[in-house]
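**Q** Fit chain B to the known structure of chain A by using the hints.
As they're listed, the protein sequences go chains A and B.
The opening residue of the first sequence carries number 1 in my numbering; numbering runs sequentially from there.
The opening residue of the second sequence carries number 1001 in my numbering; numbering runs sequentially from there.
Treat each hint with caution, since some may be false.
Said to hold, decoys possible - Simulated restraints, written as ranges between beta carbons of each label pair: (1) A/Gly99 x B/Pro1409: 51 to 59 angstroms; (2) A/Tyr98 x B/Leu1471: 54 to 62 angstroms; (3) A/Gly96 x B/Lys1405: 38 to 46 angstroms; (4) A/Thr100 x B/Phe1029: 36 to 44 angstroms; (5) B/Thr1274 x A/Asn49: 39 to 47 angstroms.
Just so you know, the hints here were simulated from the structure itself, not pulled from any lab data.
Even for Gly, the Cβ is constructed at its ideal location relative to N, Cα and C.
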Amino acid sequence: MIYILCLILFCVGIYGVLGKRNLIKMIVGITIAEHAVLLFFILLGYRNNGRAPILSEEVLITQMVDPIPQALVLTAIVIGLGSTALLIALAMRLYGKYGTYDIAKIKELRG
Amino acid sequence: MNENAILIPLFVVVPLAGAFLIALLGRRFSFLPDLLGSLVTLVLLGLSLAAVRVVYFDSMLVYPLGGWKAPIGITLVMDGLTSFMLATTNVVAFSIAIYARDYMEGYTSKGMFYSLFLLMLAGMNGVIVAGDIFNLFVFLEIAAVSSYALVAFGTERHALEAAFKYAVMGTMGSLFILLGIVLLYGLTSTLNMADMSHMLSFKDDQNLILMVCVLFLMGFGLKSALVPFHAWLPDAHPSAPAPISAMLSGILIKSLGVYALVRIFFHVIGMTSTLSSILMFLGVLSMMVGVLLAIGQWDLKRLLAYHSISQVGYVVFAIGLGTPLGLMAGLFHLFNHSIFKSLLFLNSGAVEYATGTRDLKKMGGLQKKMPVTSGTCFVASLSIAGIPPFNGFWSKLIIIIAAVKAGHPIYAIWAVLASILTLASFMKVMKYAFLGELRNKWQEVKEVPVFMQGAMISLALICMLGGVLILSGVEDVFLKPAAMTLVEGFNYSGMVFRNQ
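Chain B on its own, in the form it takes in the complex:
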């Protein structure tokens, strides 16, 4: 065991301990939730950057829990993909924790909020580091159950309704995943993902594996809101408080849905051409349906939620291409979407905080009163629409190039079309919310508090500088290791056993 491997369990332990302490002491010391919430996410951010550095030198670390080695014991694994996802998650989580400090003043029991928030973060980090398929399920449920509770946090009529819908569909999704895991266990008699993929290479039971693939596609498709399974997302994401919308849209659907799907398909079951064409088709379908439904929306957060469906479609499509360039593009877009979609939800929260409305028709001219919000929203809108200097442009460009190179020019055209429609719908947001004449009733509107501004500005800076990540030197540190772990999927089990 490498001595740096002690880093891995900390990603789960630190937020879990934070959630516990806040739940225990949050009522007695009112300063504690804010302090611990920011501190824990800051520590996690530092740890995840350290993880990126460690993976750059060591390429894979394995932590056997309690000292029991791999096929018997439970392992936590850290490779390029893990450190990439951890960095993405914790960057977003830190800025959201800072933002929530002032935003959540309007709600009661802030301690509960931070407690659930950190619990959700612990679940997501756990899903990312898990090397054991049942542990992946347990962490997934921790994150999912706390996210149901967080969607209902406002306890208003629509929030409760959306949370109930989300909870029912989410629980059904988890059941399909559990059934898939049960069938895989029945086939291989092991739960360790590395051992499982090793065992599966000797089995020749195509029908059962196909069944498992379908179950996982349904389960994780529900979690990541791919199009036939997307019905809960446009209700659940807008009904949550803004920091939680940002968390759900930015990272929850990716770490629970896309990441877990990719990890299992690439490293345990093994990608086949059928699977990759299904993923590409679902990706393109989500891309188009999401953006078409988004254009007609007048509720700002609902519009953003539909765009999440569309952008996750891009990620899944690019990963479905299966070529090294496509995988890298998909992961890069995943990172970019986490940043700019969280930023957009934080902007919508700032507008709601200042004006009390989410209806685009009632806004107008807010640019003069809220320069920081409108500026950062402008950056994020241009990023998501794919306008050159910003990060969204580079990832979409690589996705389209990869699609053409892989021999799918038709899909590439759909991707371009979806991008143009995205631009159109964000022009609408900018025009109705921030540009134009200031309405009389917004004369008294003030810019949001400084911590909320800070969170939005830092995410906007990442949006502007995100393109740097694909420069040839920088790419080797962050994106390449993640894409390479997927390209060399068949090596996974050997690597895990060698490194423990």
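The following block holds chain A by itself, in its conformation from the complex:
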């Protein structure tokens, strides 16, 4: 069920990229799609009532959450931050040159 929600979120993101004409909305769409993928990744490693996989002598670990997806998602979030920052910087410079965020008005490259 919750996987389906991830899929819906991903589709919302894709719609934002493909369907919107505003540069900022496209960037928001990318961010949404990215977070859908990351959420899916976290959920893959999640167990109900699981605990953190820290080895200690008092507690016997029976149910634990897979830590690798969490580590990887942290990395992926940082990468996502970098590319989002770059996209926003580009959008700002584009606004400076064209005075608009509308993708339909920014089209000098054709053919």
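**A** For chain B alone, kept in the frame of chain A given last:
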């Protein structure tokens, strides 16, 4: 662990350190960016030649990062394909770094340029040596993000627009790749590529694997600009400064796109006949669409960018054939295309540097004023069109022979046709840009500075002598090991574990 394996992390560490130092000290010491840029790429060139030699004797080296062994730790792997790609990348990167020394004088903040350039190089080398699928993704993003920034480096209207388009499509491509990696991790619970292919051989979940294949095809297809996913390339490559166009067209689309696709399909998922027919079809489609769109172009760099799509089509087609001869031909063409397409972009940059225009209709007769540029451009044009003594001829010939031998004569005919159209469009370039009467307004044009000439001449020499690589003795050193690692794809995981 073999003691030569210490070579492998250097391919990432050296350019990363160079990028860091330039970013830190480049403003204070103005000579530093030029010096470090050339020095780092020279060191990498030396290292990659050493890598070719080492792989010739040892066939595979594995470097476990931090001493943690393969299924748990992160490994860097060097086999025939890796050393081949590293040599190709670093030969081109060195000549481009030399060329950029004078070309980039026209731009502000040269330090930033070299810093991003080396960062991109570190990402590409990292993709090539990575033995862990998530590390491959991280390095791919390092190279991709710095390439978005480099396309926008001129900060003119069209450069920004192209960079935005490229960045949006590139980020979506990376997302598909990440989703594919997530699904593979969910299936196998491992990230090491060797371990993953070992695990996948026990699984029997064809639907999920098919889904992963489609995601990777979309993601890496976007990165390598195969035809349904090519829309960003003809905007992004011409808008970048010429050395970066050469870098993007010459090696970025290959190491991020074709190499990563081939590595994952051959060594992790395993090639099937469906996959190979999809690759062949996409290859032939890119070949034809790219060249047909190229003929009508009047912007020199845009024309070259469309030819990149077409030539990557050849590479993917030949690799899709899957026969040993086809794989060797595809890799050989990959090497050749890196050399001559970088050279052509450097030529177009030289013309732009001297005359300030990229429009073929405004040029003419430049041969008299710019003999080196026109001579090297002539060599590169004949190479890409497949005229006998040059390297492009041999690889295209082997591709066509391999296609016929593998039982695809129709595709072979398309390949010949695309080659003839390529010749036609480069005749146009030569005729309008370099031959004919010199226009009055170009009377004052001078040949470009000596370092730019040197870079172009050295690439042209490789174009002329490239055919040597398929002679029977030389082939064993460079091309054979690369092709053999792909032919013996199923051995990959065993080899990695044995050699660590």
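**Q** If a hint holds in the structure, say so; if it does not, say that too.
**A** Here is how each hint holds up against the structure:
1. A/Gly99 x B/Pro1409: 51 to 59 angstroms: Taking Cβ atoms as reference, glycine 99 of chain A and proline 1409 of chain B lie about 56 angstroms apart, which means the hint holds.
2. A/Tyr98 x B/Leu1471: 54 to 62 angstroms: Cβ of tyrosine 98 of chain A to Cβ of leucine 1471 of chain B: about 55 angstroms, so the range 54 to 62 angstroms holds.
3. A/Gly96 x B/Lys1405: 38 to 46 angstroms: violated (57 angstroms)
4. A/Thr100 x B/Phe1029: 36 to 44 angstroms: Once the Cβ atoms are compared, 41 angstroms apart, the range 36 to 44 angstroms for phenylalanine 1029 of chain B and threonine 100 of chain A holds.
5. B/Thr1274 x A/Asn49: 39 to 47 angstroms: Cβ of threonine 1274 of chain B to Cβ of asparagine 49 of chain A: about 42 angstroms, so the range 39 to 47 angstroms holds.
Violated hint for the displayed structure: number 3, the only one.
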